[in-house]
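Chains as they are written, first to last, in the numbering used here: chain A, 1 to 245; chain B, 1 to 245.
In case anyone wonders, no lab produced these hints; they're calculated from the structure. Keep in mind it's a predicted model, so treat the numbers as computed, not measured. The C-beta atom is built at its ideal place from N, Cα and C for all residues, glycine as well. Any given hint might turn out to be false.
Across the chosen pairs, the derived CB separations fall in these ranges [to be verified]:
1) B:ARG90 with A:HIS228: 53 to 61 Å
2) B:ASP160 with A:HIS31: 51 to 59 Å
3) B:GLY41 with A:PRO241: 54 to 62 Å
4) A:ARG245 with B:ARG90: 21 to 29 Å
Here are the simulated DMTMM-like cross-link-like pairs (lysine to aspartate or glutamate), alpha carbons at most 20 Å apart as the crow flies [stated by the list, open to error]:
5) A:LYS229 with B:ASP203
6) B:LYS229 with A:ASP160
7) A:LYS229 with B:GLU231
8) B:LYS98 with B:ASP171
9) A:LYS229 with B:ASP94
10) A:LYS229 with A:GLU143
11) B:LYS229 with A:GLU83
12) A:LYS229 with A:ASP160
13) B:LYS229 with B:GLU143
14) A:LYS229 with B:ASP160
15) B:LYS229 with A:GLU221
16) B:LYS229 with A:GLU231
2 protein chains.
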Amino acid sequence: MTYCVGIEVDEGLVFAADTRTNASLDDVRVHRKLHEFEFPGQAAFVIMAAGNLATTQLLISRLRRDVEEQREQNLCAYRHLFEVAEYVGRILVDSQVKSSTPEHGHDGINTQATLILGGQVGGEQPGMYMIYPLGNAIAASPETPFLQIGESKYGKPILDRIIRPQTRLEDAARTAIVSLDSTIRSNLSVGLPVDLVLIRTGDLRISQRMRLAGDSPLYAEIHGSWSHKLEQAVASLPGFPWEGR
Amino acid sequence: MTYCVGIEVDEGLVFAADTRTNASLDDVRVHRKLHEFEFPGQAAFVIMAAGNLATTQLLISRLRRDVEEQREQNLCAYRHLFEVAEYVGRILVDSQVKSSTPEHGHDGINTQATLILGGQVGGEQPGMYMIYPLGNAIAASPETPFLQIGESKYGKPILDRIIRPQTRLEDAARTAIVSLDSTIRSNLSVGLPVDLVLIRTGDLRISQRMRLAGDSPLYAEIHGSWSHKLEQAVASLPGFPWEGR
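Same shape as in the complex, but just chain A (with noise of 0.2 Å):
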């Protein structure tokens, strides 16, 4: 499984992913699935992908390839971010296996995968949007800021109650990480490292980057001083009638 958050605020952009992938509970393995296209200047764009992994690396050496050999469609060959999520769109239908047709057999295997594309094109506001396995896309919203892919039910409280689009970019990209932690603590099918960008409206790069593993301070003060703060702030809710206080 997987658990990707994208966040929408006025200020910017913000991508989370955690990296476990596994085929079976005794099959286990770290895999980026957070990828980043940078034309500084010019546009940038975040891909997270939750789904069949085979199906989502071909999808990204295409969309690579895709630039480097400036073919007629490729993510810098638009002006519209919307017909960047068409392409990619595109890209992901042809990149599934089709395991259902005759020849390749009923096998149960699924090799579908969602996306979630982000970015900025310039000229263009930024924006995100859902890729289904169709090829079809939904974009966040002011009513719904944040797009999610995966196991997205444990991490999905916090940012129902806080994100807002004026909600500020690095506090966006603090829920995300307190997102990504409820889900992994509860979890086992979402794991450590987790990726983290920020691309800030104008920026046309990508603004900031990190991996957070366990031991990185940052994240392990965060593990830490988030159960402690919650601890706190039911303490502190309204009393019961009957505990007088």
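Given the coordinates of chain A, work out where chain B should sit on it, guided by the hints.
Frame of chain A, contents of chain B only:
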């Protein structure tokens, strides 16, 4: 769907359950899922149920009948909580219509239910069990001091971080309400009002009971102040290296 959580701390037991049942998105009703069985001075039990409503209603009716008619097997007839769990498990198995038998046809209806049973029998410490559709059961323990049934993922992180055997009973109850509120906010299939019951160790009765609706001052205050506390907690987390704070 449903979300119920039971917590076992040194000071006693907490039970919290939502009240939304739905056959589909356009068939939503309010039904009680938390049931009290009180034999003051002798024993007190709470049963919470997730799954098929016909099954759980039949189960509860049978448990009440067995007590009223003072049948050989009834909730009052045991000296150990694990025996009560075994008995409730048997009634549960009997109450699940076997839809997969040839005469009923394979109609795809799931008649299973999962229960949380907690309480105290005089002379024993309080305890809590999760009873599976097969009738077997597992107990809560100091390492796993809470049990959840139904839509459990959204509300798990807060429990993982806070609940310990030493947690005060009322703090455990506040945590349970936050866990319910997080789930209600993030998932349409779980809804208000929330039933809350506390059994304090040694009381041998229902120590406290509350129904919290959206307009209950306590729920509204918890609902409102929790978001605010979380925002403050996030803002006070350690800064990133580039923030220079």
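Hints, verified against the model:
no.	hint	result
1	B:ARG90 with A:HIS228: 53 to 61 Å	violated (44 Å)
2	B:ASP160 with A:HIS31: 51 to 59 Å	violated (26 Å)
3	B:GLY41 with A:PRO241: 54 to 62 Å	violated (25 Å)
4	A:ARG245 with B:ARG90: 21 to 29 Å	violated (44 Å)
5	A:LYS229 with B:ASP203	violated (32 Å)
6	B:LYS229 with A:ASP160	holds (14 Å)
7	A:LYS229 with B:GLU231	holds (11 Å)
8	B:LYS98 with B:ASP171	violated (41 Å)
9	A:LYS229 with B:ASP94	violated (46 Å)
10	A:LYS229 with A:GLU143	violated (28 Å)
11	B:LYS229 with A:GLU83	violated (40 Å)
12	A:LYS229 with A:ASP160	holds (18 Å)
13	B:LYS229 with B:GLU143	violated (28 Å)
14	A:LYS229 with B:ASP160	holds (14 Å)
15	B:LYS229 with A:GLU221	holds (19 Å)
16	B:LYS229 with A:GLU231	holds (11 Å)
Hints 1, 2, 3, 4, 5, 8, 9, 10, 11 and 13, counting from the list given before, are not met by this structure.
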